[in-house]
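In order, the protein sequence lines correspond to chains A and B. Taking our numbering as reference, the numbering of the first sequence is continuous, increasing by one, and the terminal residue is 757. Taking our numbering as reference, the numbering of the second sequence is continuous, increasing by one, and the terminal residue is 173.
Rather than coming from a laboratory, the hints here were simulated on the basis of the structure. Incorrect hints may appear among the rest.
Unchecked claim - In silico EDC-like links for lysine to aspartate or glutamate, alpha-carbon gap of 20 Å or less:
hint	chain 1	residue 1	chain 2	residue 2
1	A	K61	B	E96
2	A	K61	B	E99
3	A	K61	B	E117
4	A	K61	B	E100
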Amino acid sequence: MDPRQHWVVPLSEAANCPEELIGGKAAKLGCAQAAGLVVPDGFCVTASAYEEFLAQSGLAKSVAMELGRKPLETMRWEEIWDTALRIRSEFLRTEIPKGVSADICRAVKKMHGKAVAVRSSALGEDSAGISFAGLHESVVGVMGEEAVLQAVRRVWASLWSDAALLYRRELSLDPMHSRMAVLVQEVIAEDRSGVAFGQDPRKLETDCAIIEAVPGQCALLVDGTVDPDRWIIRRSTGELVDWRPGIRDEAGADPLLEEDDLAGVLGLLGRVEELFGWPPDMEWTGRAARLTLLQARPITTNEPEKDDERSWYLSLRPGAKRLNDLARRVSEELIPELEEEGRRFAAEDLTAYNDDELADAIDIRLDALHKWHVVYREEFIPFAHGVRQLARYYNDAVRPSDPYEFVGLLKDQDMLASRRNRAFAKLARKLRTNKVLKDHLLAIVGREIQTTQTNWLQTIQPLRELAGGNELIEDLDLLIRDFMDITVGSQRLIDQPELILPTLLELTESAETTDGGAEDVGTTDTDDLESRLLQAVGDGRRDEATEVLRIGRLSWHLRDDDNLLVSRIESQLYRAASVGVERLRDNGRLSKDGDLSEAAVPVISAALRNPSQQSVELPRKEECASSFQSSSSAKARQLVGQPAAPGLATGSVRRIKSPESLAGFRSGEVLLCDAIQPMMTHIVPLAAAVVERRGGMLIHGAIIARELGIPCVNGIVDVMDLLVDGDLVTVDGHLGIVTVGKPEFDLELAAIADEKN
Amino acid sequence: MSFPDEPLLAPDADGRHIEDGHRQEDIAARIKKLVLGRPFAVLCTQGDGQPYGSLVAYAMQDDLRFASFATPTATRKYRLLTECDHIALLIDNRPEFPEEMMKVEAVTATGRATLIERGEEFERWAALLTGRHPYLSHFVRSSSCGLFRVEIVRYLHVSRFQEVRQWIPGSTG
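Same shape as in the complex, but just chain B:
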């Protein structure tokens, strides 16, 4: 016998009903909804051990493995990216819940940013970015702008203030 100190609220006293429901909650799907639904991310870079954050317009591939963004070459973040390609992107739904912190979801995507040279590959990643942000077409193709491809290594999904799950793109689930 299992001794319930007190009853569960769920119909199934063993809690299976609850757990099954929870299990089906697909972290990958929640991450996808969040990152594909938001046009902007906070780009986190570093230099000499000093972290630096900047807001960027970005676009994510459907498989969540790669993202792209662009930045003028004269910027601090561009210089930092050329020195260290380890980056993180923070994407969240804060604006939708300014008064309800427990409903805020955030994703930290970590990975590596690579500057893309002009050419066929450039067009491919530029198309991804401008597909999401058509108004950036001129900006992306200007000669003083660097286009970056981000290879995402992992996602950390945060919900309910402190609940954190890790998901690695390319894996199932």
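Bound conformation, chain A alone:
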């Protein structure tokens, strides 16, 4: 029989199998077993089986469609994650061809009901230049034929995980040419496991071995759940060069390995090196004389490049423990601290400060903003993974036809933006029933208003004479103070209160506010989904599922709030900087008015501290480079992005680039923006559809549009330049297509008319 038609190969026969059939991991373990080393027994599902699965199911074409949607290099990490989720969902729902599944089940039976580990053995996975360690999935503790088949699907799908796709992109490997074999081995339950390197991979010191050990399974070390004890040992003499205990809960515990254990691991390193001819990076489990080899591969020596963001990308997928730690830290420490800092900044009377004090206030705010930017990147963004963890967990358990069904579980979170939108809706409802007040507001909106606080107060003063006017003004003040102390670009919305009036008036006409507001979506769906999840996991995993759900919801909730709260710090920075600019201007020290931007802030504070009264010039903001539209006559007729929220709607485009364009947004228009920020979600209920440059099924715009039932297409590169205000577009949120204009043949008809004339 042609070895290519083998779907399953016992590990005991792997040494005679070509590596391109079983992958590097299985091939090496097969050799090790054949050479007499102790290796967990098992079998290998060949790469041919994987190819058969792809070919029979048509999945190969689905994958090509997903990856061909747009160039990989133009995808954000989040879009790749979405792509990977869709592919994974298809893999999990697709039947394995009968011949393949029968062979796998037969092999599982031979393992006599033992728990197994199902691991990747991708082709080209482990070589000296490339290491996919940790990128592909492993499923440990699997029992029974059906569970093994499902685990095999999961491991196959991990060939298309976000991290694996990203890594292949970094290495310029064509993901369409990747293949995957799977290793199924019995689980060896030992009280110690670890990794060991035949050389120090950092310094390439040939005579130093590194051994790391954790209590329990090796997976706990590999996925970073448990911090290991680490030994550096000179191989030629056995001398201990260094020992570092792992940071674990049990303080002051003894070293996990004793001398004979270390000698055993060193001995195993030596045997593996002798067998393969290179110093290995190996995984092991057990003690001194009964060590089992779990994996052996060459040491990867690639040094990360200076600007390499890979480690950060990978940190965006924190494990369950790190997510739990993040949940506690973000909700109990960071968000309250951020909230308090914004409140404190807002309460300060900056006009009472002398120049030095004002400069201090500016610097303190700038430092705070920088600090929060770091926190945002290092902790808030990784915590966003809580939603993704929920997505995978839900899809694995429920296997829904729509991989984004879980989004229904995120509804009805009491987010700052929801509270703001409810406040808008409440005001809009009041206005709808008070025609006199509404007409007065319409008249105000029709006039040109100067954007100063004094003029604003003068402008709205006449409303106090009208029935309900005082109440309206109080409600408006509250809304502005509580929710609009945020920035769009470097402009503070709180400084331009008149800009919320047009939106408010539009909302009085909107159906959303008549139904009690967009946020009052019923909870039945959410409850249904939750029951479906709990039923799917069963009583045994109920607590685990509840925890994943809690973290997912908290992650979604806080990821929305943190944007608004950091924006308030920024707003308070610009408030202080504006006071500084006013003072410099009053003292005649501003030689030329520039723009208030982050770059201008240090210039302002330095000028305030400088007693020499020198004049200062604020830096000008750099204008963005020319657009696609102006540099080419090519016109977009149909654009393709992600189908982020289902539905079909036609409307004219309104690009949101500034607070003014926010205010100019009219009901029934198509909202076009770089990305919907939490500070602009109050206009979403007015939109016929949403189109965004940034892609992702879980970014704000997508989730809000789904909740409101508005079609959304996102992830269209250059869309802000390809479309202009007033373009008529049809947004197809089912397919992720934006069609520009009506079908017309005006050009052709005009050409023919010219000819006839």
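Fit chain B to the known structure of chain A by using the hints.
Same frame as chain A, now just chain B:
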């Protein structure tokens, strides 16, 4: 501050690097490569509201403004062309990617087809066609064959299954 929900893959977190690269992607050049590289097009005609499609050997001028093709006068497409000169040409690279739809590119060129009378102009357009298809020399010059010049009004370029850009010949870019 712009709040990145998640990082971009590109080195430049603002996405400028990506967009610049994309912007330089010249639709006109891609259309030119496709239409000059393919010897055949699907000619779309119509009659009494009924569309009709036929495969023709064609040749395109370098400036992409004019193409020419020939058809026997007894054919259905010839009759349809004499009744209605509004046509479309479909040119694509399907055969190169039978299994990879996302790599298929297609161009629909719309315009007007004009029958060329024998004479100096005929020779000019016949030369364009036979320059591309020398084996059609006899066919083009036979008395029962009509030679058509197509004036292209616009191109619609389709890539990645559904991405559509319009380009009008004679314009820059």
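Identify every previously stated hint that the structure contradicts and give their numbers, smallest first. 3
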